[in-house]
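Colleague: Going line by line, the protein sequences match chains A and B.
With the first letter of the first sequence counted as 1, position 437 gets the number 437 in full-length UniProt numbering; the numbers rise by one all the way through.
With the first letter of the second sequence counted as 1, position 379 gets the number 379 in full-length UniProt numbering; the numbers rise by one all the way through.
I should point out that these hints are in silico values taken from the structure, not numbers from a laboratory.
Model, not experiment: these values are computed from the prediction.
Keep in mind that a hint or two might mislead.
To be verified - Below are the SDA-like pairs computed for lysine to any residue, each with C-alpha atoms no more than 25 Å apart in a straight line: (1) B:K413 / B:K20; (2) A:K341 / B:V349; (3) B:K341 / A:E3; (4) B:K341 / A:H14; (5) B:K353 / A:L50; (6) B:K413 / A:H14; (7) B:K353 / A:K353; (8) A:K341 / B:K341; (9) B:K341 / A:K353; (10) B:K353 / A:E30; (11) B:K20 / A:V349; (12) B:K353 / A:V349; (13) B:K353 / A:N265; (14) B:K353 / A:E98; (15) B:K20 / B:P44; (16) A:K413 / B:H14; (17) A:K353 / B:A260; (18) A:K353 / B:I76; (19) B:K341 / A:I65; (20) B:K341 / A:V349; (21) B:K413 / A:E3; (22) A:K20 / B:A260; (23) B:K341 / A:L28; (24) B:K20 / B:E7; (25) A:K413 / A:E3.
There are 2 protein chains.
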Amino acid sequence: MSEELNETIDRFSHTPETDKPAVMDEVLEEFGETRLALLLEAMPIDERMLRWHSIPSEEQAAILIEMRGDARNSIIRALSPEQLERLIGQLDAQDLIEIGDSLPQSVVEDALEHMDAEQREYFERSLQYNEEQIGRYVDHNLLMLPAAARVQDADRLLRRPLPPYTDSIYLFDRSGRFQGTVSTSQLFTLPGHIHLSTQIDEDAEPLSGEAELYAAATAVQESGAMALPVVDEQNRLLGRVTLHDAMVLQQSHFENLLMARAGMNEEEDLFAPVLRSSRRRATWLGINLLTAFLASWTIGLFEATLQQVVALAVLMPVVASMGGIAGSQTLTLMIRGLALKQVSRGNLVSLLKKELGIAGVNGLIWALVIAVIASVWFSSPLIGLVIAIAIAVNIVAAAFSGVMVPMVLDHLKIDPALSGSVILTTVTDVVGFFVFLGLGALLLI
Amino acid sequence: MSEELNETIDRFSHTPETDKPAVMDEVLEEFGETRLALLLEAMPIDERMLRWHSIPSEEQAAILIEMRGDARNSIIRALSPEQLERLIGQLDAQDLIEIGDSLPQSVVEDALEHMDAEQREYFERSLQYNEEQIGRYVDHNLLMLPAAARVQDADRLLRRPLPPYTDSIYLFDRSGRFQGTVSTSQLFTLPGHIHLSTQIDEDAEPLSGEAELYAAATAVQESGAMALPVVDEQNRLLGRVTLHDAMVLQQSHFENLLMARAGMNEEEDLFAPVLRSSRRRATWLGINLLTAFLASWTIGLFEATLQQVVALAVLMPVVASMGGIAGSQTLTLMIRGLALKQVSRGNLVSLLKKELGIAGVNGLIWALVIAVIASVWFSSPLIGLVIAIAIAVNIVAAAFSGVMVPMVLDHLKIDPALSGSVILTTVTDVVGFFVFLGLGALLLI
């Protein structure tokens, strides 16, 4: 099997400067643009730009398109206006949509002026859809024929080089409306004079341009086809989504879930400039700081208690941690469930019951374990009792919020993967400290 | 656009019991097995079993295969030996490999006895590979011909119903060795007597059966082909990996990253039985409890200090939280980088420098902000100084461990997504509390 990316990176780090362009060519040759884009992303920005300029200019556009947003922007920012113009001149409408947001308005307009009418129309039609709709990102590279065409017309079309991932021809009527999909594989067996419209695959339903990106990706995967057509509200063919596109969409959907938990997004550059990264991450630290101060404020309510029973201060991390961990387990399950559309109002009550059941069992067990340890450590069964109750209450509160917080956020169209953990931590910290120190104040003084 | 899964779940919850089988049929009809599997996963176990028995038995095997491991096991456990035997009897070798681990040995052996020799051979060849190698999960449903075959032979093959996702024919020589791939789309244009071996696509390299699952998925995506052949060490054709399989492998790779952060895995059942879930999650809570007690122990070293300066106890969550959040940002970036093979020894030093740079900037800024707040809150500039130093040190320590811990774990073949956060939290809690309380003891008493 051929070399994996990390092996290339290691080899690259030992390659003399003068031989690096040759290694880049080799990677491009053997694995294609996606891999070279990943390799560039894995380089510090200085080196990335050095290598970028050694890539043949006719390959650059295709590689730029494959890169994650932030890494791509690091290159766009470093190019001179002339270099940028030359690069953007190579893009088609679909590419331009993809990266248009990172380009100065004037560059986009300039590129549009140099496009032919068809590409300009593609560009404008795509812009009718927003960044979360598949209509914005359709592939225009496909086979289509008028509905009146015959098998022999299709045969002629199929003798030319085919767009990648082609297993069907899309038919349209005189007013440009989508009529249906004909699978190419069955055309072999049919006489040339047969009308294609008699061979339409009734199972192959087109996607709406308004479909959400991941839903579109899932539909392509479930269809069993290599691509699905996408139509607008008037049923006109906008383009298609291939299984390859679906895989890219799926990846960015899941990368986003992963990164959002730490307040970042899927476009985050591994080697973003320090100041840019600092600024972005500072926001997340700031939001979490508010949470932490809320926890501090809760503790502050019990200063007098803490002064008298310092053991409570020592045990605080245990109460907070158990609630936080239990909550994050439920939250993670919910985030995945919401992402896969497996969680909904229809099964919410059952889910809540199940998670509260688990919390009941684990709350009880760990309350007991921790009670014994704390009682022995501080030679005080009362401290054991206090922490036992706090742990049990906190784990149950964590499960309840772990289910409800992401559900409510999702309902409000706020990303639960991004905001869920901050809110959940606030709940488990505040509830945990309040119950623990409050009980301590009541029972231990 | 057709209904999404969560809409089906909602509708399902309002469907009278007697009409539910009809809704299930409709979902299967319109969206296929994957969607029905997702729907079953989204049901509490009792309901899942009720619905399972209303699925026509000839469809059950295909649906079972699509389900996540734990949900699938919930069904297998609930079936009688006769029901299980009937179900397993419908599986082919590839399916049996996929779910074999959840079946009693006797059931597997029984199923093998009823298979024909070819399927049995597939089964045994697959078992030469482990659960992380693509050779175990190859698709045997493909087109192949002897290398001596001609275009007319291929034409005959292509007139029959094709396996899904077919864009090429695989050639093998007399000793069964893989010779190469011929793209089906170019065969139209060629006269029937041409030898297929003259048309081999030299770019289409086969995968090794030993390739790691996600690497294989990436290779299929990068290849531009609909599927890649997989060969064994003697270059014999084992089967193929389609773009559809690649998408499934990619999804489970990323789901695993997501779930591992909370000590779960991608097979976790949304509606696992309470006791089973409790037991699994208890392990993770227990491991994290050790971490929490280590933090408590660190605090315990400074009991005397805390008694005198209770403000320190109040501010402890701020120190722990800032370190934890900063660390989790670096860790998340590293986990993605390692998963995409973008992080390696070759760029480790650059990464470490960059993350320490960010930590320096953010450490300084937040140390200042928090110092001001703490000084005012407790009317003590010294407390401000103490927490400022603790915050800055902890954020830098978090960045350092955020890079190094996952790197070392990966090197030791321990999943950094699973263990990374526990270790990182230990570091940030212990370092944070030690520096904060230690300085407090030195400067405030």
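Colleague: Work down the list of hints and note, for each, if the structure agrees.
Modeller: Status of each hint after checking the structure:
no., hint, result
1, B:K413 / B:K20, "47 Å, violated"
2, A:K341 / B:V349, "41 Å, violated"
3, B:K341 / A:E3, "11 Å, holds"
4, B:K341 / A:H14, "18 Å, holds"
5, B:K353 / A:L50, "19 Å, holds"
6, B:K413 / A:H14, "24 Å, holds"
7, B:K353 / A:K353, "47 Å, violated"
8, A:K341 / B:K341, "29 Å, violated"
9, B:K341 / A:K353, "40 Å, violated"
10, B:K353 / A:E30, "31 Å, violated"
11, B:K20 / A:V349, "19 Å, holds"
12, B:K353 / A:V349, "48 Å, violated"
13, B:K353 / A:N265, "21 Å, holds"
14, B:K353 / A:E98, "32 Å, violated"
15, B:K20 / B:P44, "15 Å, holds"
16, A:K413 / B:H14, "24 Å, holds"
17, A:K353 / B:A260, "24 Å, holds"
18, A:K353 / B:I76, "24 Å, holds"
19, B:K341 / A:I65, "20 Å, holds"
20, B:K341 / A:V349, "41 Å, violated"
21, B:K413 / A:E3, "19 Å, holds"
22, A:K20 / B:A260, "37 Å, violated"
23, B:K341 / A:L28, "17 Å, holds"
24, B:K20 / B:E7, "15 Å, holds"
25, A:K413 / A:E3, "42 Å, violated"
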